[in-house]
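2 protein chains.
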Amino acid sequence: MRAAVALGGDLVVQSVADPVPGRGQVLVASRANGICGSDLHALDAMKAAEQGNGDSMVASMMRGEAGAAPLIIGHEFCAEIVDHGPGVSVATKKRWPAGQLVCSNPFVGQGELVGYSRSRPGGLAQLMVLDANRLLAVPEGVPAQLAALTEPLAVGIRAVAAASRLAKRGPFVVIGCGPIGLAVTAALAHEGRGPIIASDLSPSRRQIAAQLGAAVVVDPATDSPFDELESLGFAEASTSPLLGSAKGQLGPVVFECVGVPGLIQSLLESMPRHSHMVVVGVCGQPDTIRPGLANSKELSMEFVLAYRPAEFAESLRRIAQGRVDVGSIITATVGLTESQWAVDSLRNAEQAKILVEPYRE
Amino acid sequence: MRAAVALGGDLVVQSVADPVPGRGQVLVASRANGICGSDLHALDAMKAAEQGNGDSMVASMMRGEAGAAPLIIGHEFCAEIVDHGPGVSVATKKRWPAGQLVCSNPFVGQGELVGYSRSRPGGLAQLMVLDANRLLAVPEGVPAQLAALTEPLAVGIRAVAAASRLAKRGPFVVIGCGPIGLAVTAALAHEGRGPIIASDLSPSRRQIAAQLGAAVVVDPATDSPFDELESLGFAEASTSPLLGSAKGQLGPVVFECVGVPGLIQSLLESMPRHSHMVVVGVCGQPDTIRPGLANSKELSMEFVLAYRPAEFAESLRRIAQGRVDVGSIITATVGLTESQWAVDSLRNAEQAKILVEPYRE
Chain G
456 MRAAVALGGD
466 LVVQSVADPV
476 PGRGQVLVAS
486 RANGICGSDL
496 HALDAMKAAE
506 QGNGDSMVAS
516 MMRGEAGAAP
526 LIIGHEFCAE
536 IVDHGPGVSV
546 ATKKRWPAGQ
556 LVCSNPFVGQ
566 GELVGYSRSR
576 PGGLAQLMVL
586 DANRLLAVPE
596 GVPAQLAALT
606 EPLAVGIRAV
616 AAASRLAKRG
626 PFVVIGCGPI
636 GLAVTAALAH
646 EGRGPIIASD
656 LSPSRRQIAA
666 QLGAAVVVDP
676 ATDSPFDELE
686 SLGFAEASTS
696 PLLGSAKGQL
706 GPVVFECVGV
716 PGLIQSLLES
726 MPRHSHMVVV
736 GVCGQPDTIR
746 PGLANSKELS
756 MEFVLAYRPA
766 EFAESLRRIA
776 QGRVDVGSII
786 TATVGLTESQ
796 WAVDSLRNAE
806 QAKILVEPYR
816 E
Chain D
456 MRAAVALGGD
466 LVVQSVADPV
476 PGRGQVLVAS
486 RANGICGSDL
496 HALDAMKAAE
506 QGNGDSMVAS
516 MMRGEAGAAP
526 LIIGHEFCAE
536 IVDHGPGVSV
546 ATKKRWPAGQ
556 LVCSNPFVGQ
566 GELVGYSRSR
576 PGGLAQLMVL
586 DANRLLAVPE
596 GVPAQLAALT
606 EPLAVGIRAV
616 AAASRLAKRG
626 PFVVIGCGPI
636 GLAVTAALAH
646 EGRGPIIASD
656 LSPSRRQIAA
666 QLGAAVVVDP
676 ATDSPFDELE
686 SLGFAEASTS
696 PLLGSAKGQL
706 GPVVFECVGV
716 PGLIQSLLES
726 MPRHSHMVVV
736 GVCGQPDTIR
746 PGLANSKELS
756 MEFVLAYRPA
766 EFAESLRRIA
776 QGRVDVGSII
786 TATVGLTESQ
796 WAVDSLRNAE
806 QAKILVEPYR
816 E
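Chains as they are written, first to last, in the working numbering: chain G, 456 to 816; chain D, 456 to 816.
It is possible that some hints are incorrect.
Since the list can't tell identical chains apart, any single copy or any two copies may satisfy a pair.
The calculated lysine-lysine pairs, modelled on BS3-like cross-linking and capped at a C-alpha distance of 30 Å, are [unchecked claim]:
1. Lys502 x Lys549
2. Lys623 x Lys752
3. Lys502 x Lys752
4. Lys623 x Lys502
5. Lys548 x Lys502
6. Lys752 x Lys549
7. Lys548 x Lys623
8. Lys549 x Lys623
9. Lys752 x Lys548
The hints are simulated quantities; they were obtained by calculation from the structure and are not laboratory data.
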């Protein structure tokens, strides 16, 4: 088969051996696979490792032994059943007939993730192997491109679920409208939560956020999303909370969906008192904050990661329900040979989600 | 009267004019006044301001106009009614007879705090003026020394109330057993919450924490409080949360009661997954964290400040109930002339709460 093999941090299309499904596994054809920020970080880490700066969890996951299987990334996939491995029961075969579109949660074991390990090749190849007991059927009529959004949209469901322990109502402020911020916006909109204020430097990304359901979109280069709160009915308490009750004083929920140094502190400075920040973006570098400022405004921060299996399944259900125009997140769809172009283009913040369709070269 | 006047960052006992109660106010004799970390910061800020480094909110609050009233700090006080100002009704006079012990929430207006403003002199003086409508009666039989703990203990009530939105059960880890950490320990113990693991470098502070109800005390120089969790019945989930349910996976609640740079990051590193940090200590300096680490462990942080009026009143009620031996927090009681000694001694971390009794010089 043909695959976009990760070689020294670049995606190089090569012919490699077809994968062979083991016991309880199925062989599938990858129909659509999204590329995400974590993939870019992983490829960067591989490049750094090549240069001897291998001090990265991702790099060590992906390094593998010399002469080992090729590394094929891709964990946001929708695939089509092709064949079944040995030991798959008749009932399972009947349940997963050839041609059936499926998704699968890429987290398959402790620290084991499809598309981040040589032993679990991902969706940037014509064929891949999945565990039959982890398959989710894509409902009739849902195109593979939309089903491939199950994984990134699940991240939004998780972030909103984490925050809704604290705040049932909005306004909600989404900082950054890359795929993560758009997934959060989609999750809020699907649940009927709002109003949503979304902020991004890119006009095209802001447009997608509006299409997904953001009531207000803001260019942070010229405006603060927090200046929009008042027009949406949110007013900061006029008297100090130290003079009043502790109840009913929650500020807005702010989703940090960027993950670069300096952003958390800038939000601590600009968020109203009692705001709750859900940190969905992952900033791997050291970052400086002023904790005393957070005390003075009684702020809180919650750091989330990925999603739970039930949220992954819920994500596919939501796509099928079609309550939110999640297809607007897809800004390009390309063939396998354009995988490296996709990676390069994603560094351009005008793109949101680029899908690779490996069956067409 | 005699007062310990804050002069250039030092407490100097002087004779100053007796304060005169205004309309709706009472004249009280300060019976006991605790000195806290914020007082030390304020005095430091005054010293810095003297040297031209006046870039501090506290310093600007305390600077005042030249020739203005002397600055008298002290916001953790218990006082005794002496006289009533003009316009105080007979009913109010009857309610607050001479000799009655009272406490009062020092937060008296937007940004206005007794003991942090020249217009609101505090408890480090023989006499002071309080608003009649803000008085709380000290219940019969409660000594003034214990009632003077109302303010610092209210900080603990607030911190525990903030955290209990998320975690009804322990274990609870208290980092730092200064007055704040001890107040948190006392609040948890009063509410029957536990088990409590308390950590401090000082053996005498650890002993007080144990007296207040900590099940385990730890010297962080040699042991990690998190190593004690298992013995108290807390086990981190053995499988990754990414493979399981989002429910029922709260880690312990950790109260950060120190407020120095570096501590938050060290806790992010050592806390189990899903821990919730309540940041009670106030670190005014820039601090470096690694946000991505917090994502990978799905940690959360909540920053709290002071207390609400209802919590202040609850604090005095709890002292009267006597369920917890809060008197053990008081490590020294001195006369007014020893105020500067008290400030100097508090920089020695073996002390917890030092009370000044201004009626005895």
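How do Lys623 and Lys502 come out at 30 Å by Cα distance, when the copy is not named: within, between, both, or neither?
neither (43 Å within a copy, 47 Å between copies)
Within, between, both or neither, where Lys502 and Lys752 count as close if Cα-Cα is 30 Å or less
between (42 Å within a copy, 26 Å between copies)
Measure nothing new, just compare the shortest in-copy and cross-copy C-alpha distances for Lys752 and Lys549 to 30 Å and report within, between, both or neither.
neither (58 Å within a copy, 40 Å between copies)
How do Lys502 and Lys549 come out at 30 Å by Cα distance, when the copy is not named: within, between, both, or neither?
neither (44 Å within a copy, 80 Å between copies)
With identical chains treated as interchangeable, where does the CA-CA distance between Lys548 and Lys623 reach 30 Å or less: within a copy, between copies, both, or neither?
neither (43 Å within a copy, 47 Å between copies)
30 Å Cα threshold - placement of Lys752 relative to Lys623
Classified as both; 21 Å inside a copy, 24 Å across copies.
Which holds for Lys548 with Lys502 at a C-alpha limit of 30 Å: within a copy, between copies, both or neither?
neither (41 Å within a copy, 79 Å between copies)
At most 30 Å between alpha carbons: which applies to Lys549 and Lys623, within, between, both or neither?
Cα proximity of Lys549 and Lys623: none, with 43 Å in one copy and 48 Å across.
Go through the copies and call it for Lys752 and Lys548: within, between, both or neither, with a Cα cutoff of 30 Å.
Cα proximity of Lys752 and Lys548: none, with 58 Å in one copy and 38 Å across.
Hint compliance for this structure: hints 1, 4, 5, 6, 7, 8, 9 are not met, and every other hint is.
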